[in-house]
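Undergrad: Construct all of the structure, not just a fragment, from the sequences and the given hints.
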Amino acid sequence: MSELLSRNADCIIWLARYMERAENLARILGVAETFSRDQAGRNWLAVVQINADEERFFARHRVADAHTVPHFYILDADNPNSVISSVRAARENARSLRPLLSTEMWRQLNRMSRWMGGLSANAVSQANLSALCTEIKEACQLHLGITEGTFYRDQAHYFYWLGKNIERADQTTRLLDIKYHTLLPRVEDVGSPLDTSHWGALLRAAAGYQAARRVLGGTITPKSVAAFLLFSDSFPRSVILCVRQMDWLLAQLRSRYHLRGGARAMELLDELRAALSDQTIDHVVDHGLHEFIDWVQRQLILIFTEIRETFCQSR
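Note that the numbering used here has the sequence shown beginning at 12, numbered continuously upward.
Warning: the hint list may mix true and false statements.
To be verified - Per label pair, the in silico range of CB-to-CB distance:
#, residue 1, residue 2, range
1, Ser113, Thr232, 39 to 47 Å
2, His72, Glu103, 22 to 30 Å
3, Gly160, Arg71, 36 to 44 Å
Said to hold, decoys possible - Think about it this way: if two alpha-carbon atoms lie no more than 20 Å apart in a straight line, the pair counts; the simulated SDA-like pairs of lysine to any residue are:
#, residue 1, residue 2
4, Lys234, Tyr191
5, Lys234, Glu302
6, Lys234, Gln256
7, Lys148, Asn121
8, Lys148, Arg164
9, Lys148, Gly211
10, Lys148, Pro247
11, Lys234, Ser208
12, Lys234, Leu252
13, Lys148, Gln137
14, Lys148, Ser124
15, Lys234, Arg185
16, Lys148, Asn133
17, Lys148, Asp165
18, Lys234, Val295
19, Lys234, Gln290
20, Lys148, Arg99
21, Lys234, His298
FYI, nobody ran anything at the bench for these hints, they're computed from the structure. Bear in mind that the values here come from a model prediction, so they are computed numbers and not experimental data. Ideal placement from N, C-alpha and C gives every residue a C-beta, glycine not left out.
TA: In structure tokens, the structure reads:
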């Protein structure tokens, strides 16, 4: 591995992760309003739970509602998990990588960072939240499109997509874990229009509604949604597809570019891929969906740690 890329691999991975995180946050917030019928505010609390931010959030806010949660996750620069913090962190990593990035990538990241910094509190009001989330998603998608079309296909490109897929897999498991238990319906609600709309909103949060409808048809159930998000071979944000992409990307770095190390990360990826390939949703649910997802998340953390320790200089 060249000295240049060894110094910057960490920045490349985090650039991808931060931009993926910003888009995912916008998706989750954009559909949270769908559950506004829940007067207890469980829909907004779930957003906090997905990101494991209960302690940080409630140190600053008494309640999780339609006012506090969007502000906390979009405009609060003191929240390291907010959209504005993620975009600024992405830009800082990009600044360290400036010689490696295309002019178009750098320009768009600067433009998005300035736009986010100029937003007022009114931008996250209930009247404006949906439109703002759409703009954030589209800005992140523009970044991804520019990256796909202009980023030179060398080692940096593979590390970028490693980071992207690690973050996608992690975010999908978080979303499914919290929402599955939050939305499990009462017996009398199963199959009702409200039940179906809730699970449709979960799929929208994962950018998978249309794809799932093509595959599942009218059978939108807790198990079918969980199976789709975990095991779909064709959905870009499914956990198994992200893991397979990570496995391929790391193998390319080791074979095509002859990078030393990474054997332990490959072993962990193979273990995770095998577990996802061999399971059925009935088996997972019967033995504990939360426990399975918790294991997947721990495995992703181990994989990410191995990749950083092997290929990235400490910063």
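Undergrad: So, for every hint listed, does it hold in this structure?
TA: Comparing the hints with the structure gives:
1. Ser113 to Thr232: 39 to 47 Å: holds (44 Å)
2. His72 to Glu103: 22 to 30 Å: holds (27 Å)
3. Gly160 to Arg71: 36 to 44 Å: holds (40 Å)
4. Lys234 to Tyr191: At roughly 9 Å apart (the allowed maximum being 20 Å), Tyr191 and Lys234 satisfy the hint.
5. Lys234 to Glu302: holds (15 Å)
6. Lys234 to Gln256: violated (24 Å)
7. Lys148 to Asn121: holds (16 Å)
8. Lys148 to Arg164: With a Cα-Cα distance of about 25 Å, the restraint between Lys148 and Arg164 is violated, given a limit of 20 Å.
9. Lys148 to Gly211: Judged against 20 Å, a Cα distance of about 18 Å means the pair holds.
10. Lys148 to Pro247: Measuring from Cα to Cα gives roughly 16 Å; hence the hint holds.
11. Lys234 to Ser208: holds (15 Å)
12. Lys234 to Leu252: Holds - the C-alpha atoms of Leu252 and Lys234 are around 18 Å apart, at most 20 Å.
13. Lys148 to Gln137: Roughly 17 Å separates the two Cα atoms, so the pair holds.
14. Lys148 to Ser124: holds (14 Å)
15. Lys234 to Arg185: holds (16 Å)
16. Lys148 to Asn133: Cα-Cα ~19 Å, so holds.
17. Lys148 to Asp165: Status violated; Cα separation ~27 Å.
18. Lys234 to Val295: Holds. Lys234 to Val295 sits at ~10 Å (cutoff 20 Å).
19. Lys234 to Gln290: holds (13 Å)
20. Lys148 to Arg99: Holds, at roughly 16 Å.
21. Lys234 to His298: holds (13 Å)
The structure fails to meet hints 6, 8 and 17 from the earlier list, while all remaining hints are met.
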